[in-house]
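K.L.:
Next come the chains, spelled out residue by residue.
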Amino acid sequence: MDKVERVEVFAVPREQVWRAITQPEHLSEWFGATAVELELRPGGRVVFRDARGLVRRALVEVVEPPARLVFRWLPFVVSSDGHRWVPGTTVELVLEEVAGGTRLTVVESRLPAFHETTPAGPVFLQPAPPDPHDAPPRVFLERRR
Amino acid sequence: MRPDRSGAVFSALADPTRRQVVRWLSERDSMTATELSARLPVTRQAIAKHLSALEEAGLVSGERMGRENRYRLTPAPMTEAMSWMASVGSDWDDRLSRLRRQLDDKS
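Protein sequences appear in the order of chains F and Y. To convert, note that position 10 of the first sequence is 32 in my numbering; the numbers rise steadily by one, no gaps. To convert, note that position 86 of the second sequence is 893 in my numbering; the numbers rise steadily by one, no gaps.
Simulated from the structure, these hints should not be mistaken for laboratory data. One thing to keep in mind: the hints can contain errors.
Unchecked claim - Taking CB as the label site, the calculated pair distances span: (1) F/Glu61 - Y/Arg874: 51 to 59 Å; (2) Y/Glu863 - F/Gln45: 39 to 47 Å; (3) Y/Ser868 - F/Ala121: 39 to 47 Å; (4) F/Gly75 - Y/Arg908: 23 to 31 Å.
Don't be surprised by glycine CBs; every beta carbon is placed ideally from N, CA and C.
All chains should be built: construct the whole structure from the sequences, respecting the hints.
P.N.:
Here it is, written out as structure tokens:
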């Protein structure tokens with residue numbers, strides 16, 4: 023499993039950190055997105071739009087207020103700069119009360135080189151054709167079923 | 808890749824500034840310490856030290872061009888998994904420092 027892990031302690035109550043990571047208007051401020059849509063329930067849709075107009079979609083997997091949020095990035099293809107494949111990953115955010123504030127642990131993980139190790143694998147692992155209309159994530163989902 | 812090299816690569820990438828350097832180099836053909844220091848909140852001297860650490864780990868190579876070394880990524884020791892970790896890790900470094908500022912402002 024490929025994994026990136028970060029641990030930070032913030033000198034604010036856990037509820038405040040929870041709001042910052044789950045309320046779209048707070049989330050967009052620090053996430054590097056100009057707009058965020060977030061349905062805060064398992065299976066809920068998440069949409070991040072950035073300043074260049076790129077859209078990244080995710081699905082909420084776990085919501086345990088105010089302690090744990092898990093979402094899964096859907097794989098996507100950047101078509102504007104020529105077809106870059108970005109694999110899907112899972113992001114887990116865990117909030118714990120500690121002396122002096124709240125500890126946030128972020129883990130982003132994916133299956134190692136999933137798309138590379140199976141070049142002739144299932145259809146859903148192959149790059150979709152470039153599409154200027156924000157369709158690739160949906161294409162992946164439909165092929166996957 | 809040799810396993811001993813992989814340890815050096817991971818420790819070279821443990822530093823947030825070095826991850827930023829790797830990310831900038833991954834988006835360009837080659838850059839000098841001066842060009843990198845213009846884009847990162849550290850001095851040219853500090854960047855030069857980070858570049859030496861990355862060079863020792865075999866992640867970048869420098870070539871004298873005019874007055875300065877130009878550095879480029881050496882893809883050989885950098886597996887796809889490592890570049891994924893450097894890039895995703897660097898994104899989280901940026902996000903978490905913005906989150907820290909945001910929470911500080913409101914508390």
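K.L.:
Work down the list of hints and note, for each, if the structure agrees.
P.N.:
Going down the list of hints, with the structure as the test:
In this structure, F/Glu61 and Y/Arg874 meet the distance hint of 51 to 59 Å, their C-beta atoms being roughly 55 Å apart. Between Y/Glu863 and F/Gln45 the C-beta distance comes to about 44 Å, which sits within the given range of 39 to 47 Å. Our hint of 39 to 47 Å for Y/Ser868 and F/Ala121 holds, since their Cβ atoms are close to 46 Å apart. At about 25 Å, the CB distance of F/Gly75 to Y/Arg908 agrees with the hint of 23 to 31 Å.
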